[in-house]
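Protein chains in written order, with this note's numbering: chain W, 1 to 145; chain H, 146 to 410.
Any given hint could be a false lead.
Restricting the straight-line Cα-Cα distance to at most 25 Å, the calculated cross-link-like pairs of lysine-lysine (PhoX-like) are [unchecked claim]: (1) W:Lys142 with H:Lys148; (2) H:Lys147 with W:Lys142; (3) H:Lys147 with W:Lys5.
Stretches of chain W that chain H covers, calculated by requiring three or more beta carbons in the stretch to come under 8 Å of a beta carbon on chain H [said to hold, decoys possible]: (4) 77 to 89; (5) 96 to 103; (6) 133 to 140.
Worth flagging that the hints you see were computed from the coordinates, not collected in a lab. Glycine is no exception: its CB is placed at the ideal position from the N, C-alpha and C atoms.
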Amino acid sequence: MIDIKEFAYKPGEHEAEKASSSYLMSLIALIAGLPLPIINLIATLAFYVGNRKGTYFVRWHCTQALLSQFSMLMINSYGFWWTISIIFTAQPVTNNYIAYILAVLIFNLTELIATIYTAIQTRKGIHVEWWFYGSLTSLICKSEL
Amino acid sequence: MKKILIQGLLIIVLFISTLLILQQIDWMTIFKVQKLKTETEEKLGDLFWETFQNEEDENTNQFVINTLDSIVTMICLENEIDKESIKIHILNKDEINAFALPDGHLVVYSGLILASDNQEELSGVICHEIAHIELNHVMKKLMKEVGLSVLISMTTGEGGAAIAKETAKLLSSSAFDRSLEKEADIKAVDYLIQAGIDPKPFADFLFRLSLDDNEIMKYLSWTSTHPDTQERAEYIIEYSQPSTSNYKRPISSETWELLKIQFAE
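Based on the sequences and whatever the hints tell you, model everything.
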C-alpha cells in the first residue's frame with residue numbers, strides 16, 4: 001500500500017522538512033479539530049495553498065496529503081452527521097451505525113499510521129508514494145510549474 | 146489513468162467490504178445497546194413519574210385504580226401488549242389530559258374521566274396514549290426535544306430530578322409531531338377495533354372538544370396541544386369504517402357510572 005520510490009532528484013534538508021510538515025499538519029489538525037472532520041482538510045488545504053509554488057518535492061507531498069484528506073472527509077462527514085442526528089434527533093442507534101463507525105475508525109487509524117510513517121520518512125528525504133493517492137498525485141503534480 | 150481508476154475503485158470496494166463484514170456482527174448485543182436503552186428508559190420513567198407524584202395529587206382510590214386497570218388490561222390482552230409494561234396512574238386534576246411517560250407510565254387526569262361521556266371515549270384516549278408508548282414516541286420526542294446527552298446525564302448524574310422537573314411539562318402539555326399524533330390515532334383505532342370497542346365515540350370525543358365550549362376549554366389540555374382536533378376526528382371516522390356492530394365494553398355500565406360518581410363528588 002505504501003511504496004518507497006526514487007524521486008526525480010534528491011531533496012534538500014529544507015524541502016524534506018516542509019514536505020514532512022504537510023503530513024504533520026493534518027495530524028495536528030486531527031487532534032485540534034476533533035470531532036469536526038473538515039478541520040484537517042482545511043489545515044492541509046491551507047498548507048497546500050501556502051506551498052503551491054514551492055519546490056517539486058514539497059508540492060508533491062502537499063498534494064498527496066491533501067488528496068488523502070478528501071476521501072477521509074467524505075466518510076468521516078457521513079459518520080459525523082449520522083452521530084449528530086442520533087444525539088440531537090430521534091434517530092436510533094442501529095447495528096449498521098455501529099458497523100459504519102467501526103469501519104470509519106479502522107480506515108482513519110490506517111490513514112493515521114500511514115501519515116505518521118510518511119511524515120517520518122519524508123523528513124529523512126525519502127520519497128513515499130501511497131497506493132492510489134501516489135499515482136493520482138503524480139498525475140496532478142508536474143515537475144514544472 | 147486506467148490504473149488510478151482501478152486503484153480508486155478498489156479502495157471503495159475495500160471500504161464497502163469492510164462495512165459489509167462488520168454489519169454481519171451483532172454489535173447491539175456485544176455493546177449491550179438494548180439493555181442500556183431499557184435501563185435508561187426505566188430510570189427516566191421513574192424520574193418523571195416521581196416528579197408528577199410529588200407535584201400533583203395522586204388518586205389512590207383502589208376502585209378507581211382497578212377500574213382503569215380493567216380497561217387497560219382488556220385493551221392490552223386483545224392487542225397482545227404486555228400488560229405489565231403499562232403502568233397506569235391517576236392524578237386528581239381538573240384538566241382534561243392524559244399523557245405517556247418513558248417506560249410505559251400512563252398518566253390520566255381525573256378531569257378527563259369526568260369529561261368522557263362514556264367508557265368508549267376514555268378507552269379511545271387511553272388507546273391513543275398506549276399507541277404512543279408502543280410506537281416509542283415518548284423516547285423519540287424526548288431525544289428530539291432534550292437530546293440524548295441530557296437524557297443520559299439525567300440517569301447517571303445527580304441533577305436528574307431537577308432536569309426531570311424542568312422537562313416534565315414537555316411530556317404532559319405539549320403534543321408530538323403531527324405525523325406521530327396521526328400514527329397514534331390510527332394505531333388507537335386499531336387497538337379499539339381489535340379489542341371490540343366502538344371507535345366512533347373516540348372521534349365524537351374529539352369533535353366535542355373541538356367545539357368552542359368555554360366550560361370545557363377552560364380545562365382543556367389534551368386537545369389544545371394536539372393540532373386540528375376536528376380533522377383528527379374525521380380521519381378516525383374514515384379509518385374505522387367499515388367495522389363490526391357487535392361492540393364490547395371494557396367494564397360494565399354500572400362500574401362506569403360508579404367511577405363517574407367518584408369524581409363528580
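How the hints compare with the structure:
1. W:Lys142 with H:Lys148: 18 Å, holds
2. H:Lys147 with W:Lys142: 19 Å, holds
3. H:Lys147 with W:Lys5: Status holds; Cα separation ~21 Å.
4. 77 to 89: holds (count 4)
5. 96 to 103: Since three or more residues must qualify, the claim that chain H covers the stretch 96 to 103 of chain W holds, with 6 doing so at under 8 Å.
6. 133 to 140: holds (count 3)
The structure agrees with every numbered hint stated previously.
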